Amino acid sequence: MTNLSLPKPHAHVIVTDFDDGEGVLIDVQARRYYQLNETALLIWRGLEQNQPLPQIISQLTASYEVSAEQAAESVRRLLAALEDHKLIGALRQ
Amino acid sequence: MNDSALRRIGEDDTPRITIELTNRCNLHCDYCVRDDDALHRSPAHFFPLDLLRRIVTEAREVCGVNYVSFTGGEPALHPQFGEILAMVEAEGLQCGFVTNGWFFDRAQSAVLRHRAAVRVVAFSLDGATAESHDRWRGEGSFARVMRALAQCHFHGVPFIVKAGIRRDTSPQLEQIALLAARMGASALHFSHLMPTSQTVETELALTFAERQRAEQEIAILGRILKMPVGVAVGYYNVDPAPPCSALSGASCNVDYRGRLTLCCNLAGYRGAANEPDVIADLTREDFASAYARLRDLAGEQVARRRAALSAQTQDEGKVDLYAGSPCLFCLQSFGKLPWRAAIARSASPAPQTVSSATGE
Ligand SMILES: C[S@@+](CC[C@H](N)C(=O)[O-])C[C@H]1O[C@@H](n2cnc3c(N)ncnc32)[C@H](O)[C@@H]1O
Ligand code: SF4
Ligand code: SF4
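Quick mapping for you: the protein sequence lines, in order, are chains L and W. Its first residue numbered 0, the first sequence is counted upward by one per residue in numbering that gives the first Met the number 0. Its first residue numbered 0, the second sequence is counted upward by one per residue in numbering that gives the first Met the number 0.
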């Protein structure tokens with residue numbers, strides 16, 4: 000995963016957020032919901048806006064008490080899960 | 000097709016009143032039953048809260064109404080939507096509303112505040128994909144309505160999906176049903192297209208045989224899914240008994256000008272030649288006397304249809320679609336389909352005139 004090549008959300012995935020900061024992804028092709036916690040929603044918004052990885056990581060470290068390494072690991076895990084469920088394009092290795 | 004195969008929906012005998020909260024709408028669905036000028040060009044009418052309170056309390060006294068169904072135009076555009084739900088709750092009534100979902104984020108906080116009063120929210124869907132839905136409802140509509148479904152689902156607000164049966168949606172009935180079920184809808188109500196012009200009829204309405212195939216498909220979906228799936232009253236049904244709550248006396252409609260009318264399907268009908276279904280101006284008359292005349296009109300319409308069914312059965316042995324479908328029969332006999340006037344002439348009731356307080 001390079002800084003410049005984060006995958007994009009698929010067009011058939013719609014996001015909605017709740018007042019408590021969490022959100023839901025609606026995959027209208029597979030007709031499924033996926034719940035996102037606050038950090039996952041923040042990462043998803045970053046992907047939507049085509050933000051580079053360091054920007055997403057710095058948002059996470061600014062908003063939560065996590066180190067850059069922990070934030071990077073959270074992003075990596077979420078991207079893998081999103082790819083697994085075909086909610087984003089393929090990750091480049 | 001009989002009722003055991005096809006679930007009739009939205010027609011329980013709970014006394015109910017439908018109220019059009021506004022004439023205006025933010026979307027431009029070309030097939031819409033409502034008059035286009037009223038939706039998009041006439042001055043906006045927003046149903047006055049005081050009149051609404053008076054009508055629902057009188058309707059409760061006169062005919063036991065305890066459920067109010069809000070429609071439009073787009074009901075969520077009403078600037079006092081929250082106060083309306085608060086009034087329904089304060090009166091100990093229940094309500095639901097049908098919406099295109101575009102402004103659900105605005106309506107949602109009111110729904111959550113008054114959830115005890117909101118039995119169900121009905122979302123209109125024109126297809127199982129953004130492409131098919133947005134073709135009618137404009138770009139971004141599908142995403143908005145899907146977000147609204149998700150919000151209801153995760154906040155525990157019961158919702159149903161309403162979908163039209165037309166040439167473009169008939170290949171998608173199963174996909175629409177699966178989408179509604181997976182998104183957590185508590186029911187799916189299909190309804191046949193009400194034609195608003197010869198062009199709409201030619202291009203969008205199904206033939207008799209196609210309608211029957213769609214009805215059979217829906218009956219199957221209703222059997223295999225846990226979510227109730229059915230067709231609103233417009234399906235082919237040659238039973239002469241009152242086919243719907245409006246004709247059996249369990250429901251009525253009040254249009255955005257405060258006029259009592261037979262049924263929300265007929266009200267403000269696009270291109271209509273006549274409005275014999277408009278009974279009274281409730282801004283000037285109390286509900287009780289107007290409602291008595293409405294019952295007479297409903298009784299006459301049931302008798303008229305019974306006669307048409309019996310005549311066609313005797314003459315030709317087969318009832319055509321325009322008598323067999325109760326809604327098409329109403330549209331034709333109430334002058335809503337002027338392009339079919341020649342065929343309709345024998346079934347027309349005498350037109351009535353009602354003056355409106357707004358002078359329109
Ligand atoms: C008139 S709209 C008002 C509420 C709101 N604007 C909406 O679209 O949900 C009420 C319902 O009528 C349906 N409808 C509109 N025109 C129709 C037609 N020609 N035939 C059948 N249903 C129609 C809509 O899809 C919607 O479910
Ligand atoms: S169907 Fe509803 S959303 Fe569409 S134009 Fe008619 S009133 Fe508006
Ligand atoms: S159009 Fe006629 S048959 Fe159809 S629901 Fe209204 S009153 Fe009933």
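Simulated from the structure, these hints should not be mistaken for laboratory data. Do not take every clue at face value.
[As the list claims (entries may be wrong)] In silico lysine to aspartate or glutamate, DMTMM-like type, Cα no more than 25 Å apart, as pairs:
(1) 225(W) <-> 26(L)
(2) 7(L) <-> 238(W)
(3) 85(L) <-> 138(W)
[As the list claims (entries may be wrong)] Reference excerpt, derived from the structure (chain W facing chain L, CB under 7 Å, subset only):
(4) 218
(5) 222
(6) 224
Bear in mind that the values here come from a model prediction, so they are computed numbers and not experimental data. Where a beta carbon is used, it is the ideal one built from N, C-alpha and C, also for glycine.
Results of checking the hints against the structure:
1. Pair hint residue 225(W) plus residue 26(L) holds up; C-alpha atoms about 21 Å apart against a cutoff of 25 Å.
2. Simply put, residue 7(L) and residue 238(W) have alpha-carbon atoms about 56 Å apart, too far for the 25 Å limit, and the pair is violated.
3. The hinted pair formed by residue 85(L) and residue 138(W) meets the criterion: a straight-line CA distance of about 24 Å does not exceed 25 Å.
4. At about 22 Å, the closest approach between the beta carbon of residue 218(W) and any beta carbon in chain L exceeds 7 Å, and the interface hint on this residue is violated.
5. Annotation: residue 222(W) was flagged as interfacial toward chain L, and the flag is violated, the nearest CB pair being 20 Å apart, outside 7 Å.
6. Look at residue 224(W): its Cβ only gets to about 13 Å from chain L, farther than 7 Å, so that hint breaks.
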